[in-house]
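Colleague: First residue of the sequence shown: 1, per full-length UniProt numbering; consecutive thereafter.
In short, the hints are calculated from the structure, not lab data. Treat the hints with care, as some may be off.
Each pair of labels, with its calculated beta carbon distance range [said to hold, decoys possible]:
no.	residue 1	residue 2	range
1	P443	S41	41 to 49 angstroms
2	P367	Q400	29 to 37 angstroms
3	R331	E306	42 to 50 angstroms
4	P226	E437	33 to 41 angstroms
5	R178	R331	37 to 45 angstroms
6	H103	E264	29 to 37 angstroms
7	S26	V280	41 to 49 angstroms
All figures in this text were calculated on a predicted structure; none of them were measured in a lab. A virtual CB, placed ideally from N, CA and C, is assigned to each residue, including glycine.
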Amino acid sequence: MSFAQIHTRSVIGLTAPPVTVEVHISQGLPALTMVGLPEASVRESKDRVRSAIINSGFDFPNRRITINLAPADLPKDGARLDLPIAIGILTASGQIDETVLDHFEFVGELALNGDLRGVTGSLSVARTLKGGGRTLMLPSANASEAVQVADICVLGAQNLAQVCRHLNAINGGKSDDRLTPTAIPTAKTVATYPLDLSDVKGQHHARRALEICATGGHSMLFKGSPGSGKTLMASRLPSILPPLTDDEALEVASIYSVAGVPYEFGVRPFRSCHHTMSAVALSGGGSRPKPGEISLAHQGVLFLDELPEFDRKTLEVMRQPLESKTITISRANSQVDYPANFQLIGAMNPCPCGYHGDPSNRCRCTPEQIRRYQDKISGPLLDRIDLHIHVPAMPIDDLQNAPAGESSATVRERVAKARQIALDRQGKANSELTPSEIDTYIPLGTAEKQLLATAQSLRS
Numbered sequence: 001m002s003f004a005q006i007h008t009r010s011v012i013g014l015t016a017p018p019v020t021v022e023v024h025i026s027q028g029l030p031a032l033t034m035v036g037l038p039e040a041s042v043r044e045s046k047d048r049v050r051s052a053i054i055n056s057g058f059d060f061p062n063r064r065i066t067i068n069l070a071p072a073d074l075p076k077d078g079a080r081l082d083l084p085i086a087i088g089i090l091t092a093s094g095q096i097d098e099t100v101l102d103h104f105e106f107v108g109e110l111a112l113n114g115d116l117r118g119v120t121g122s123l124s125v126a127r128t129l130k131g132g133g134r135t136l137m138l139p140s141a142n143a144s145e146a147v148q149v150a151d152i153c154v155l156g157a158q159n160l161a162q163v164c165r166h167l168n169a170i171n172g173g174k175s176d177d178r179l180t181p182t183a184i185p186t187a188k189t190v191a192t193y194p195l196d197l198s199d200v201k202g203q204h205h206a207r208r209a210l211e212i213c214a215t216g217g218h219s220m221l222f223k224g225s226p227g228s229g230k231t232l233m234a235s236r237l238p239s240i241l242p243p244l245t246d247d248e249a250l251e252v253a254s255i256y257s258v259a260g261v262p263y264e265f266g267v268r269p270f271r272s273c274h275h276t277m278s279a280v281a282l283s284g285g286g287s288r289p290k291p292g293e294i295s296l297a298h299q300g301v302l303f304l305d306e307l308p309e310f311d312r313k314t315l316e317v318m319r320q321p322l323e324s325k326t327i328t329i330s331r332a333n334s335q336v337d338y339p340a341n342f343q344l345i346g347a348m349n350p351c352p353c354g355y356h357g358d359p360s361n362r363c364r365c366t367p368e369q370i371r372r373y374q375d376k377i378s379g380p381l382l383d384r385i386d387l388h389i390h391v392p393a394m395p396i397d398d399l400q401n402a403p404a405g406e407s408s409a410t411v412r413e414r415v416a417k418a419r420q421i422a423l424d425r426q427g428k429a430n431s432e433l434t435p436s437e438i439d440t441y442i443p444l445g446t447a448e449k450q451l452l453a454t455a456q457s458l459r460s
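Work the whole structure out from these sequences, hints included.
Modeller: Have a look at this one:
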């Protein structure tokens, strides 16, 4: 056989469109030509594939080889096409049984010695392949990640030789050469959080606000003097959030898989950003658009400490994602959508020195300095932060004598019950309700309307 078709996938955002690797070996001067809009990392694969095939004990055809990556108008990047290209060359040259290939999809990067290296986006490939009937063949380093997707057969291999022996063993080869499907985890992973809300002493008003924030999925701004516990409480918010559902956990894991960032499956993300970060780092981007911090915080918490110290243009990036819960990254040749349903938690001092309004009267900031400091955060962004909480510094005697507060497990149980009530009533968290849905599901009485009017007048 001098022609072969191999099934694989590209990765664009969280989607994995199908790609067919077509290999044709013909007479002529030895050459390898690759067409089909391959980017630089894909074009370089021909050298990796040649060395991997030879070092795995196979013959590299000394003829003219043409490789087409279809569809031709879909950009292909990354080294994940190494394995399907190698399988296609070996099949077209008659070294692999071609009758079984239609039942597989191949993804993986090859080392020069034939070893398979892990790739990014394998979970997106597995989610797209779910229910398709094909077996996913990929590096062992990615198998435990891909098998989190139900109803899909995953085979993990250490090297190219293992893959070839498995394919040739399907129709009459040695049974010992066949790979064993990666086992599906039998026990559900229980998310653990090292930080506990019981570490927070006193601050009952702020703790109550944190619980409301967790229940409704709201964003929140802590404002108070240094040492009042703003960062302490914000870092413990993930520990009281309701557990992720299976679909939510897979979506979060897919984002981290595409970004190539380690992730503990089932844990609510907590992303803490330094104020020197750029707008691209926050929103995502690059020539091959990757998710930024707001997408890595999807279904979790994005914490911005010292909020006024961030560049204003960087902060304004969050205005649209806070409303739409997604972010679109547009480039000349592509447009990628990433989910961005995160809870923004900000912390700031009331003035440049941090002690405005403190009982110690240490503040020497002028009214103009205080105004300029607070004006670093735009009004439209502040309007998108649902809860604004003042966190006063506790006297040292009260702090030393205060008993430990409720544990995260106790608070999380209440939060989960309250969140479930909202889901049963309206199908979404309170923070996601539209104005018309608020009128439908949460009609306000006279007392509630008066409370809102009072709050609005105080704000004005």
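Colleague: Does each hint fit the structure? Answer for all of them.
Modeller: Each hint, compared with the structure:
| no. | hint | verdict |
| --- | --- | --- |
| 1 | P443 - S41: 41 to 49 angstroms | violated (57 angstroms) |
| 2 | P367 - Q400: 29 to 37 angstroms | holds (35 angstroms) |
| 3 | R331 - E306: 42 to 50 angstroms | violated (31 angstroms) |
| 4 | P226 - E437: 33 to 41 angstroms | holds (40 angstroms) |
| 5 | R178 - R331: 37 to 45 angstroms | holds (43 angstroms) |
| 6 | H103 - E264: 29 to 37 angstroms | holds (33 angstroms) |
| 7 | S26 - V280: 41 to 49 angstroms | holds (45 angstroms) |
Figure legend: structure checked against the earlier numbered hints; hints not met, in rising order: 1 and 3.
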